[in-house]
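Start from the sequences, fold in the hints, and give me the full structure.
Residue numbers (the working numbering): 367 to 1030.
Label pairs and their in silico Cβ distance ranges:
{"#": "1", "residue 1": "Ile698", "residue 2": "Tyr922", "range": "31 to 39 Å"}
{"#": "2", "residue 1": "Phe835", "residue 2": "Thr982", "range": "23 to 31 Å"}
{"#": "3", "residue 1": "Phe835", "residue 2": "Ser978", "range": "23 to 31 Å"}
{"#": "4", "residue 1": "Val883", "residue 2": "Leu726", "range": "53 to 61 Å"}
{"#": "5", "residue 1": "Ser978", "residue 2": "Ala739", "range": "45 to 53 Å"}
{"#": "6", "residue 1": "Leu764", "residue 2": "Phe889", "range": "39 to 47 Å"}
{"#": "7", "residue 1": "Ser624", "residue 2": "Glu686", "range": "22 to 30 Å"}
{"#": "8", "residue 1": "Ala537", "residue 2": "Tyr716", "range": "19 to 27 Å"}
DMTMM-like, lysine to aspartate or glutamate: derived pairs with alpha carbons at most 20 Å apart:
{"#": "9", "residue 1": "Lys599", "residue 2": "Asp528"}
{"#": "10", "residue 1": "Lys796", "residue 2": "Glu920"}
{"#": "11", "residue 1": "Lys728", "residue 2": "Glu920"}
{"#": "12", "residue 1": "Lys796", "residue 2": "Glu1015"}
Note that these hints are calculated values from the structure, not bench results.
Since the model is a prediction, treat every value here as computed from it, not as a measurement.
Where is the CB? At the ideal position from N, CA and C, for every residue including glycine.
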Amino acid sequence: MPILHVDNDNAEHLQPLRPPDIMAQHQASPLPRLSEPLVLSGSRNHDEKEGASLRPPRDSRHEIDAGHEIQQTSSSSIKGPHSSEEGLAKITGNSTPKIPDYPVISVRPPLRPTVSFGGVSKMSTYSSSDSGASVFQKKEAIVSVEALEEDVQPAVRGSRRDAWSFYACFACLCLLNFMCDVSTTAMAMVLPIISQDLRLTAVQTLWVPGSLLLSAALTQPLFTQLSFALGCKATLFFGLLLFTIGNVVCGTSHGATSILLGRSLEGVGAGAITVLTKLTLSQISSSSGSKPRTMFERSTSQVFWLGIALGPIVGVCLTETFSWRSICWMQIHYSMIALVGLAVFLRLPYIPSASVWSTLAKTDYIGWLLLSASIASMAVSISWAGTVYSWKSYQSILPLVVGIAGLALWCAYSRSWRVQNALLPISIFKNGSAAMAAFGALVQGAVLMTFVYFLPLFFQTTWSRPSHFSLAPWTFPLVVFSLLAAATTLYTGYRSLVWTGWALLALSSGLTILFGVSTPMAFSIPVGLLAGTGLGVLLPTLNTALSTAASNHEEYTHATPLHTFSTTLGGALGLLLSGTLFLNTLHLPQDLQPRDIFLLIRDLHAMPSYQSPLQTDLTIAIVSSLNELWIAACVVAGGVLLLSFWFLEDHMPRRRRPSMPELE
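Okay, here's the thing in structure tokens:
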């Protein structure tokens, strides 16, 4: 942008013109344009010596027309004895002065608010007064308001249609997310009924929820990469199809093989839906360009945990009213409603076929197979040890060794230079804070699923008729305090909240050890509130800790999926490991076998009076074995609390009130 140098001696001869005078002057005799740009010379020292000013003329005016570029035009003519020749020579540096026209200079619009009414904005401009001070003057509209309204109305109607489409898509995505989470915990309080109906062993019964959690965790990283190639909409519909097929197989199953197959397919679909609902919502939120809609992106996580909280209640109500199979049919019905809504309202950018094939070729299939096979092998070994096979048998040791070796091979493969698009960013674990946050999410998921699936066994054993809301103190605070923790993290950081969450979780797990045969419900409620509060505080803070520890864009992109993957995988491994510990420490009276424990719990309170001693011994054995789980949960939560003191660093900037210079 050229700078005009004007002598301070000549400044008193400058006579500013008002905007109406300028418009009249341009209409009467428009000034010609310069054939070449005006070249100005001079240094800062020369300007200071001559007393020049580096500011543009104060009598300039900003013209703001509807739909046109904002321009600044000179509105003053230089008058006086020195302005025609000597002043022009100083400006141009030429010995033979020519009378030039003033160039049109593009400038930034004034940073002042405009008043908007509906879709029409009434703009204002600045002009210079005689004293040199800027005053706010209203500019007459060049185009009539009626004409502007005619142009704006189609855009307004289009934006309203986009808004309704966004809200419809958001509701469908939340419904899908809710159904997936209900399927995770809906069978928590009806496992003895399913075991009796299908004649399942204890290990097979534990694999009913375990197969869903494990398959959901293992397929989440794969579907994240497939969405980049196929698009979120196609991948989401494919996951929804698998989720529906799994529910159909599960609802029509009559044995262990069919129900485990159905739950595995259901878990694959649930893993795809869990990841892709967030990715899809982020795409439609960013395309809308409305900042307040970012809160909807966070609310999908709250719907996720709300489904986990309501899942046991929904499962018990449907089972007592109809059958446990009605849980599967209910999920199918609501999933079809969401499918129709997304097919009508969801609009995402088209992906060219060439880009699809090139991205599919870069997907890390080998890494996914190595990781999935290793974790599945370890999970099978954990569930078999001491229950199906002895701890020293090769059936228990060999899968565990193969799984550990496979994990080591996967880590080496992911760090090799040949992998262009790794399944998970291994480099993020070089940061101690990120590694601690991922491990904390793993432990948190394990403790949560231990409470969700083994506390109902305690209630059904010690209480003759447990309430449908027995798990509510453990699950409902999880939703409430996750919202509060997410808001508090912006002001206090996540480090103190992580410590608070682990402390509450360790304390509540320790108090759960006091649960006995005659424990009243009034004592279990405050313990459950403490545990639910600790879990709710940890949910958003661990995710924030993992995101802020990322050092580059790739790590930041995978941070949230990595947190979801760690939590889901921890829930699967924690459920299977807790089941193994429960069955190995269970010492039943007489000739009863631990493999039939779910059948015994189902018929425990239906035993005749002459078998009351057996009923008492069985109750004591179950409660004693469950206490081993609470001790393990307390030790693990306390250990993670100590580790978080040493390794967790707070990288999150605090939100503060901006100062006045920053606002200006």
